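Residue numbers (this note's numbering), protein chains in the order written: chain A, 1 to 302; chain B, 303 to 629.
Just to be clear, a hint being listed does not mean it is correct.
[Said to hold, decoys possible] Here are the simulated DSSO-like pairs of lysine-lysine, each with C-alpha atoms no more than 27 Å apart in a straight line:
1. A:Lys138 to B:Lys618
2. A:Lys138 to B:Lys349
3. A:Lys60 to B:Lys460
4. B:Lys533 to A:Lys138
5. A:Lys257 to A:Lys182
[What the hints assert, rightly or not] Partial pick of chain A residues on the chain B-facing surface, computed with a CB cut under 10 Å:
6. Leu84
7. Gly86
8. Ile90
9. Thr109
10. Ser117
11. Leu125
12. Ala132
13. Val142
14. Glu161
15. Phe205
No lab work stands behind these hints, which were simulated from the structure alone.
Predicted model only: the values in this text are computed from it and were never measured.
Where is the CB? At the ideal position from N, CA and C, for every residue including glycine.
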Amino acid sequence: MQPTQELSGYLEEMAYQIRRLSVEMITYGKWGHIGGSFSMAELLAVLYFHHMRIDPDAPKWEARDRLVLSKAHGSPALYAALALKGFYPIEAVYTYCELDGIEGHTDMTRTPGLESSGGPLGMGLSVAVGMALGLRFKENAVARVFCILGDGECNEGNVWEAAMSAAHYHLDNLIAIVDYNKVMAKGFVWDLMGIEPFAAKWRAFGWDVIEIDGHDIPAIVQALHEARWVRPAGRPIVIIAHTVKGRGVEMAEFNYKWHTQAPEPAVADRMLRELSRRYGRAEEGYSRLHEDDAKEAFYAGE
Amino acid sequence: MPENDNNPLEMRDAFGQTLVELGAAYPNMVMLDADLNTSSKAVYFKKAYPDRFIQVGIAEQNLFGISAGLALTGFIPFPSTFAVFAARRALDQIAISICYPNLNVKIPGSYVGVPTSRAGASHNCIEDIAVMRALPNMKVADAGDNADLRAIMHTAMKTEGPVYFRVTRYTLPVLFGPGHTFAWGKGELLREGADVTLFGTGLMTGKCMAAAEILAKDGIPAEVIHLASIKPIDRALIAQSVRKTGCAVTAENATIVGGFGAAVAEALGDVYPVPLRRIGVQDQWLNSGGVDALFELHKMQPPHIAAAARAAIQAKLSPEAMKGPGS
Numbered sequence: 001m002q003p004t005q006e007l008s009g010y011l012e013e014m015a016y017q018i019r020r021l022s023v024e025m026i027t028y029g030k031w032g033h034i035g036g037s038f039s040m041a042e043l044l045a046v047l048y049f050h051h052m053r054i055d056p057d058a059p060k061w062e063a064r065d066r067l068v069l070s071k072a073h074g075s076p077a078l079y080a081a082l083a084l085k086g087f088y089p090i091e092a093v094y095t096y097c098e099l100d101g102i103e104g105h106t107d108m109t110r111t112p113g114l115e116s117s118g119g120p121l122g123m124g125l126s127v128a129v130g131m132a133l134g135l136r137f138k139e140n141a142v143a144r145v146f147c148i149l150g151d152g153e154c155n156e157g158n159v160w161e162a163a164m165s166a167a168h169y170h171l172d173n174l175i176a177i178v179d180y181n182k183v184m185a186k187g188f189v190w191d192l193m194g195i196e197p198f199a200a201k202w203r204a205f206g207w208d209v210i211e212i213d214g215h216d217i218p219a220i221v222q223a224l225h226e227a228r229w230v231r232p233a234g235r236p237i238v239i240i241a242h243t244v245k246g247r248g249v250e251m252a253e254f255n256y257k258w259h260t261q262a263p264e265p266a267v268a269d270r271m272l273r274e275l276s277r278r279y280g281r282a283e284e285g286y287s288r289l290h291e292d293d294a295k296e297a298f299y300a301g302e
Numbered sequence: 303m304p305e306n307d308n309n310p311l312e313m314r315d316a317f318g319q320t321l322v323e324l325g326a327a328y329p330n331m332v333m334l335d336a337d338l339n340t341s342s343k344a345v346y347f348k349k350a351y352p353d354r355f356i357q358v359g360i361a362e363q364n365l366f367g368i369s370a371g372l373a374l375t376g377f378i379p380f381p382s383t384f385a386v387f388a389a390r391r392a393l394d395q396i397a398i399s400i401c402y403p404n405l406n407v408k409i410p411g412s413y414v415g416v417p418t419s420r421a422g423a424s425h426n427c428i429e430d431i432a433v434m435r436a437l438p439n440m441k442v443a444d445a446g447d448n449a450d451l452r453a454i455m456h457t458a459m460k461t462e463g464p465v466y467f468r469v470t471r472y473t474l475p476v477l478f479g480p481g482h483t484f485a486w487g488k489g490e491l492l493r494e495g496a497d498v499t500l501f502g503t504g505l506m507t508g509k510c511m512a513a514a515e516i517l518a519k520d521g522i523p524a525e526v527i528h529l530a531s532i533k534p535i536d537r538a539l540i541a542q543s544v545r546k547t548g549c550a551v552t553a554e555n556a557t558i559v560g561g562f563g564a565a566v567a568e569a570l571g572d573v574y575p576v577p578l579r580r581i582g583v584q585d586q587w588l589n590s591g592g593v594d595a596l597f598e599l600h601k602m603q604p605p606h607i608a609a610a611a612r613a614a615i616q617a618k619l620s621p622e623a624m625k626g627p628g629s
């Protein structure tokens with residue numbers, strides 16, 4: 001299933017907006033993870049603006065698809081996608097990490113559209129397995145459960161407990177997506193803890209594997225279509241999406257220093273200007289450049 | 303309660319039978335097991351409702367994560383494992399996947415405290431009360447007998463949100479009649495007395511009753527209050543009793559560090575401080591041994607509770623003794 005040029009263009013715009021809003025909220029909230037938000041911008045754009053069956057006006061619709069963000073530190077990108085989708089006003093992203101605002105890591109009780117709460121790595125796939133089992137108990141054959149994992153997160157033993165059980169229970173309504181961005185909090189995956197041969201590990205655990213370029217929008221559209229409509233045959237499906245951590249702004253690309261770091265307003269301004277140039281747009285900087293000066297001087301570094 | 307007083311069931315069997323009762327009443331109840339169902343007695347549910355029984359293998363982190371997902375799709379999961387694995391191995395999953403979003407999961411912690419005995423320190427769970435009550439949204443209970451356990455489980459099903467309750471592998475003396483009910487934050491006055499209050503939870507309440515008998519023979523009237531609901535705890539009843547008695551002893555089948563005695567001490571400190579002695583495992587590992595030998599070793603038998611009561615009374619009467627040993 002190849003997307004039309006019009007659809008691809010729309011999804012690219014959404015990925016751009018997800019990146020912009022991620023920088024805006026991390027800068028204004030003075031905390032957050034740019035690298036891991038940028039690396040899954042296209043994945044979230046295709047999921048939320050094309051593939052997933054969800055309705056922001058009926059967030060608890062029984063037949064909806066569910067997404068568990070296991071790499072919950074990527075929350076800015078997800079919050080951006082949910083705001084753009086209409087779960088809450090765009091303005092709400094400026095409450096990120098503030099009292100009574102949207103939480104640093106995911107808190108489903110505080111943000112409409114979130115399907116789970118998280119933060120500690122390695123836990124989300126188990127929650128997704130439980131949802132997929134629950135939907136099967138209810139004979140809900142329509143809904144799918146998606147779970148986005150990080151590559152470094154797959155160091156966690158809990159991931160493989162969940163993987164083993166998903167295959168044991170033949171959960172082909174479960175689609176895991178690994179944002180394989182090659183960089184962990186303090187360096188490259190292969191330096192800190194090698195995970196290769198990665199696809200072979202998932203296959204050995206009984207999963208069907210699709211491997212794609214996670215920034216290639218038509219490839220993501222095609223992979224999700226396959227995972228939903230073509231592949232299901234009694235095995236859970238994992239899409240290994242090869243991505244670039246920090247993709248979109250040169251200083252953050254493949255740079256672990258931008259795993260956790262809130263840019264100072266002037267840096268955010270440069271980042272956003274670069275981003276708009278990359279997307280071929282008129283240069284547009286940080287929207288709250290001056291308003292920010294009045295806030296407390298706290299910048300969470302790496 | 304299907305129980306014969308002359309031949310009472312082990313608490314874990316009462317647990318298994320109550321699961322079956324609840325399973326009939328709640329079609330959305332599901333049982334999860336990590337390869338321990340014939341020990342925990344989750345097997346009763348498995349036999350009655352095989353379609354609602356989920357085996358996850360020896361993977362406790364996954365056990366609680368899956369339970370969160372099932373709760374999020376409208377089920378009431380009972381993830382069952384030994385208390386040590388809930389309180390230690392899977393604590394993060396219970397905290398963040400279940401308690402943080404306030405999900406409707408009921409967690410039975412099996413094989414708690416001294417009666418697990420011969421398995422040794424790795425399996426004799428002493429820290430679960432302290433650990434579980436530290437989690438926001440979590441409610442914690444330890445039953446005094448089988449009727450109490452059944453009442454706790456029925457109330458837990460009617461309670462929205464996470465619940466942790468203890469199940470021991472032991473036969474407890476009967477404390478309550480068949481019409482017994484349980485409410486969160488509500489203690490039970492079992493015996494009135496003026497000189498000292500014995501606050502018990504779980505199987506230790508029965509030992510507090512025996513201790514009160516010992517004290518009565520010496521002319522010391524002891525009050526006994528059962529606090530199955532450890533969180534929330536009945537602060538009003540605690541304060542009301544110690545205003546009268548002026549001193550207290552707590553007794554728990556667990557470590558005294560951060561556990562039930564600590565919860566009572568917090569309540570006393572906040573509302574009405576009085577001399578307090580705490581019976582339980584004193585910051586040690588609960589190594590292998592026979593059940594009675596372990597109760598003796600850790601000074602958790604009725605005579606030990608009675609001695610602690612005398613010490614508390616002494617402290618009340620003499621400010622010097624307030625300081626206690628080592629001060």
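Evaluation of the provided hints:
Restraint check: the Cα-Cα separation between lysine 138 of chain A and lysine 618 of chain B comes to about 61 Å, which exceeds 27 Å; the hinted pair is violated. Simply put, lysine 138 of chain A and lysine 349 of chain B have alpha-carbon atoms about 21 Å apart, close enough for the 27 Å limit, and the pair holds. For the proposed pair lysine 60 of chain A and lysine 460 of chain B, the alpha carbon gap of about 22 Å is at most 27 Å, so the pair holds. Between lysine 533 of chain B and lysine 138 of chain A the CA atoms are separated by roughly 34 Å; this puts the pair beyond 27 Å, and the hint is violated.
Annotation: proposed proximity of lysine 257 of chain A to lysine 182 of chain A holds, straight-line Cα distance about 13 Å (limit 27 Å). The beta carbon of leucine 84 of chain A is not positioned within 10 Å of any beta carbon in chain B (closest approach about 24 Å), and the interface hint is therefore violated. With 10 Å as the threshold, the beta carbon of glycine 86 of chain A stays out of range of chain B, its nearest partner Cβ sitting at about 22 Å, so the hint is violated. At a threshold of 10 Å, the smallest CB-CB gap from isoleucine 90 of chain A to chain B is about 25 Å, leaving the interface hint violated.
Among the interface hints, the one on threonine 109 of chain A holds; its C-beta lies about 6 Å from the nearest C-beta in chain B, closer than the 10 Å criterion. Hint on serine 117 of chain A holds. Least Cβ distance to chain B is approximately 4 Å, under the 10 Å limit. Satisfaction of the interface hint for leucine 125 of chain A is found here, the shortest Cβ-Cβ separation to chain B being roughly 8 Å, below the 10 Å cut-off. With a least beta-carbon distance of about 7 Å to chain B, the hint placing alanine 132 of chain A at the interface is held under the 10 Å criterion.
The closest approach between the C-beta of valine 142 of chain A and any C-beta of chain B is roughly 13 Å, which is over the 10 Å cut-off, so the hint fails. Because the smallest distance between the Cβ of glutamate 161 of chain A and any Cβ of chain B comes to about 4 Å, under 10 Å, the interface hint for this residue holds. The restraint placing phenylalanine 205 of chain A at the interface with chain B is violated, with a minimum CB-CB distance near 13 Å, outside the 10 Å limit.
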